[in-house]
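*Asks:* Sequence:
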Amino acid sequence: MQEEKSKLKAFTSAVTAAAQERAAKINAETEQLEREAMEAYSADLAAAAAKRRASALADAKVRENKRIVAEGLAAKRSLLQFREDCADDVFAEVRRRVLELPEQPEYGNTLKEQLWRALDAVPGARSARVLLRREDMRFAQSLNAASPGVRLSFEEGGFSLGGLVFECAEKGRKIDLSFDAALEDLEGRFSEITGFSLEGADGQ
Numbered sequence: 078m079q080e081e082k083s084k085l086k087a088f089t090s091a092v093t094a095a096a097q098e099r100a101a102k103i104n105a106e107t108e109q110l111e112r113e114a115m116e117a118y119s120a121d122l123a124a125a126a127a128k129r130r131a132s133a134l135a136d137a138k139v140r141e142n143k144r145i146v147a148e149g150l151a152a153k154r155s156l157l158q159f160r161e162d163c164a165d166d167v168f169a170e171v172r173r174r175v176l177e178l179p180e181q182p183e184y185g186n187t188l189k190e191q192l193w194r195a196l197d198a199v200p201g202a203r204s205a206r207v208l209l210r211r212e213d214m215r216f217a218q219s220l221n222a223a224s225p226g227v228r229l230s231f232e233e234g235g236f237s238l239g240g241l242v243f244e245c246a247e248k249g250r251k252i253d254l255s256f257d258a259a260l261e262d263l264e265g266r267f268s269e270i271t272g273f274s275l276e277g278a279d280g281q
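If you want the working numbering, it's the position in the sequence shown, counting the first as 1, plus 77.
Hints are computed from structural coordinates only; laboratory data are not their basis. Just so you know, these numbers come straight off a predicted model, no measurement behind them. There may be inaccurate statements among the hints.
Stated by the list, open to error - Under the rule of at most 25 Å between Cα atoms (straight-line distance), these lysine-lysine pairs were calculated in the PhoX-like manner:
no., residue 1, residue 2
1, Lys-128, Lys-143
2, Lys-189, Lys-248
3, Lys-153, Lys-138
4, Lys-128, Lys-138
5, Lys-189, Lys-251
6, Lys-102, Lys-86
7, Lys-143, Lys-153
Using the sequences and the accompanying hints, generate a full structural model.
*Replies:* See the structure below:
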């Protein structure tokens, strides 16, 4: 009887030990799975956080670039407007002075200087036609006297602000020194000076 109890006790101990070993193994496996799951979850969280940070940074960069582009475009427009305003003021003052010049006492000398400039540009000219405004035909005699050796004819030109146009058929030259042409050329130069490209300022 004692022997049977010993055998039963030994069997029970063996079964208990086996169960404990199995439980310990299961616990270890469970803990390992939990650690792996937590690590994977943490990695997923970190990846998601990194993705959100990257997306937020990208959005912030886009917004900042748009702000910079908008401010740059506004600055360019302001500068363009300022330059146009300055050019308009300067051109208006030049035009005013040009319009007043024919009324000044020195206007006759201005026409003589223009004639001499034209003659210097066409050396050897023996005859030429000079176009003047109708109201400037009174200067024809003094202009003719200012160019000895060159036969000049005078006709009314199609311009209105003053100055003269010099035509030399034998040299095939026409020199437009009218104030109309000068102002037109000046206006074109002001347009070039104030021209300002906005290309590339839209962020494209």
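*Asks:* Which hint numbers doesn't this structure obey?
*Replies:* No numbers; nothing is violated.
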